[in-house]
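Just so you know, the sequences run in chain order S and A.
The numbering of the first sequence is our numbering, which starts it at 307 and goes up by one.
The numbering of the second sequence is our numbering, which starts it at 3 and goes up by one.
Each hint should be verified, as a subset may be incorrect.
In silico DSSO-like links for lysine-lysine, alpha-carbon gap of 30 Å or less [what the hints assert, rightly or not]: (1) A:Lys154 x S:Lys665; (2) A:Lys56 x S:Lys990; (3) A:Lys111 x A:Lys132; (4) A:Lys133 x S:Lys665.
These are computed hints drawn from the structure, not numbers from a lab.
Below, each chain spelled out in residue letters.
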Amino acid sequence: MTEISRLLCSKKRIIILLMLAVINLALFSGYCRAERRDRESYYEIMRMSGINLQQQEADEYEQYLTHDYAEYLNKMQEQANKQALLAKLSKKSGYLRRNLIKTAKDFENLKDIQLEKGVNHGILALMDYDTTDYLLFISPLLLVLELLAESGSAVSELVRATKRGRVPLCASRIISLLVLSVLSVLFLYGGNLAFTHHFYGSPGYGRALQSIKLFQPCSAKICIGGYFLLSAIMKIAAVFLTAMLIWIILSKFYAILGWLISAGLIGAMYLFSKFIPATSTFNHLRILNLFTLLKANSFFTSYTNLRWFGFTSGARTDMLITVIVLACLLTLLALRLIGKNYPVKIGHQLENIREYIVKRLSGFLPVRSLFRAEGWKLLIGQKAILTMIVCALFGVSIWQDMHLYAPDLDTQNFYERYSGEITEESLEKVQKRISGESRMIQNINKSIDYYTNTLAKKTEQYKQSHSGDDPFEVEYDPYDPPAFDPELNDVWMAEVNLEQQQYQLEAAEMYLERYQKVLAAMIETAKYAKETGRGAWLVDDNAYQKLFQENEAQRRCSLLLLLFLIFAFSGVGAYDNRYDTRMLLRSTKNGRGKMYACKITWCALLTAVAVTCIFGIYLVRLQQDIGLPLTNAPAQSLAYLRWIPFDITLGGCVAGLFVFRFLAAMLFTGIILLISRFSRTPQKSLLLVMIVLLLPSALAESGISQFRYLDVIRYLSCCKQ
Amino acid sequence: MQNKLEIKNLTMKYGDFYALQDVSFTLEPGVTGLLGANGAGKSTLMKLMTDHMKRTSGEILWNGQDILTMGSKWRELVGYTPQLQGIYDDFSPKRFLYYMGALKGMKRKDIKEQTEQVLEAVNLSHVSHKKIGQFSGGMRQRVLLASSLLGKPQVLILDEPTAGLDPEERIRIRNDIAELARDCIVLLATHVVSDIACVAKNVLLIRGGKRIAFDTPQGMLANAEGKIGEFTGTYEEIAELQKQYPNGEIAQRRDSFVLRIAEYPLPEGCIPVRDSVTLEDVCHLYLKGDRAYD
């Protein structure tokens, strides 16, 4: 118990867990807001093209609940029965028949479930958001690293020389790891769940899981609440087993070899889970996999059976057995190898190879300048390179998740034709276009009148020749069409034409309204140009809005930048504060001003690289997906940039934005270095920096407006919020 | 003209507590041993001499010039080994020495040359590429010592440089220090009194932040004459006597036991020791209690 409370109740551990929970919640809440905003803007775009997507989705959902799911179950049953009979008659292999029988049996249990309508967006957001799954590992892995550091220290010799210092101690540590995994999932995943409840509304925990279309293939008879519980248990198992695996491997192998083996195993599992197709013979490796267990969704969004020597069994059952077996195996292994056996490490040959290589290379790459030595300390000693790699991986994830919608083709064509310097000529051209649209609307109205009359006439004709039958009650089955009736055909054609004209009218009215707005904006801009003596252009500001106004992707980039600065630099000063190192360094000629100048220069360089790469990603995506037109146009062409009191182009503004971001990032780097300088250890420095810089931003992100002015992300993203 | 480091009325005060009070002495080329109990002010003195802390009052003069006005020029002259082993575990000795050479403002050619020399001097050439994190305490101490020797310093400030070293290594390092001290001022703080006895030109005794004595080892030994005595008897008798003289040292000689004490005047029954007085006895005499050195 003493060991468990020592490991779990330490201030550091509690603070880290709470910090992670707050940060995770902030990220997730930002994601949900962005998801809702993107969804609504997508609906808006589709509405402008004449499609009411929201209504369509609602109708499809209703259809699914009332009809499609029942039909799916029936078809499943029929198919399974047919195939089973065929297999029996043709004396096909036992596995095939067993699989079909099992499938039919599994889905037969679902016949009497009641599907209910409810709010599904929250669950879908939870399932799509995978950052939390990676954050779950942080606390347990930090504990593992702490245990490994202790095992190399003198205190370990002391502890192992006591009565309960081996197997019982190891057992306590295993329990601590398990409890920490539970707490991680509770705080992080639980936090997400609580947020979706608050943001989207209750999903209806008692509803059958299959009420959500995504879970249609699920054969488990559980409710939504049950799904969350099972998901949480699976995530706990995944985190615990991974942490145990890494702990055992790194305890028994020398550093490089241990990390290589761990990375190899985990990397292999990741590849199996991503790239092995479901129909492959190696499907077992894809299903019975810690990554698949972590995601948990695939056990509920698909129906999978696994083949074991001709016998069939469900993937969920197999996973449960695997988890139990693995947990027992790893526990026994840990107790034996870490608890009972002598602490001997394997793989010293690799260490010898590393030393040999370093010895050979040192002749070519001597680090005799202070600047390069400080760079080595930062990049290798304090693992800033590792931080850069991890941030780069997250950057790729942000890149892939960016939703930058280009405007519809018609708008693009409009701007292509009319954007540029606003002159009398260009105003006239737009006015002409508007007149053209108005004339087109008039023509469409005339067509509508014509087709309305034609439809009425043809309907009357049909009724007269078909004993008063209503042509709109004739059902049309494309697989069993009725005999060709020219009068019926005329009615349908008139109806189709009428509908088409109505759609066209809707679209034309929408475009007319838009062009009128653009014209009004052009006139207003021309007036401003005349008053101020600055040039004014018509510019498609879709991309510039995303750059200078509010945008979720930029905030995510800013968060990534902030995390990089924190993790890369918070140890810079504290690294030298341990023992008497600082005293030793300060006793030398260059150990004060020049040494700090080198440190600051390196931090500035890395900050510049980070700003360029992270926001460069965003700019490149913007250019690719939407395009940044007319960068030579005066910035004041856009209304929200008219506060700039001097002449500058839009391109200049974009460059200025980068410069401002760099300066803001440098300011925060300075704060981090200052905190680090006065912190006793790198860990304390990291905690303090997170509290000072990250926590206020996370609180502002989660909606607490009082922290708005302390929101570092807001300043780095330079977005209006 | 010989180099001279003068400490004049040096005081370091934390609130009402004096870590150092009005300490004065002068160092010239050669080894000066610094002896004192834990918390006496040895490390404080060394930190003030390396300008790591701001003194409350007093002066530290290098050839007449205060080190505060010299700035980095003073630190160019200094080689320092701290008490705690503050080095980076993921550095190799070679990389660490290159780094320290760069910090000392040495030329690159000199860094390479001197690194090889000092690694050889401290017997670490064969592990120059291994990570310091794998070293024993003694090996780490040798790395620190090597770093203090880089740049051919004129003032060496060594805080427990032989801690954790085996007897053979200690002798070797002692001899190296003695060799260096011919042209260099060396201030050597240690609890291993025999290190000082062998090589020191002068010994500085500090107690409670104050200078108690600054004399040659021979002078101190002469001063201690008649103040070191021994009681002889059975174990029970000696154990009983020790209750009266708890700082005394018990030793066994053939069939009897001996309690060696440092007192002035010596009590009745205590036989004065004449030939085998050591610096350790001097420490017993002056570093505990409040006896003045006369």
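Check your understanding: Between A:Lys111 and A:Lys132, does the CA-CA distance stay at or below 30 Å?
Key -> 23 Å, holds
Review point. Are the Cα positions of A:Lys56 and S:Lys990 separated by 30 Å at most?
Key: Status holds; Cα separation ~26 Å.
Practice item. Quickly compare the C-alpha distance for A:Lys154 and S:Lys665 to 30 Å and report which way the hint goes. Key: Holds, at roughly 26 Å.
Check your understanding: Can the restraint linking A:Lys133 and S:Lys665 be considered satisfied, given a maximum Cα separation of 30 Å?
Key -> Cα-Cα ~12 Å, so holds.
Checked against the numbered hints above, the structure violates none of them.
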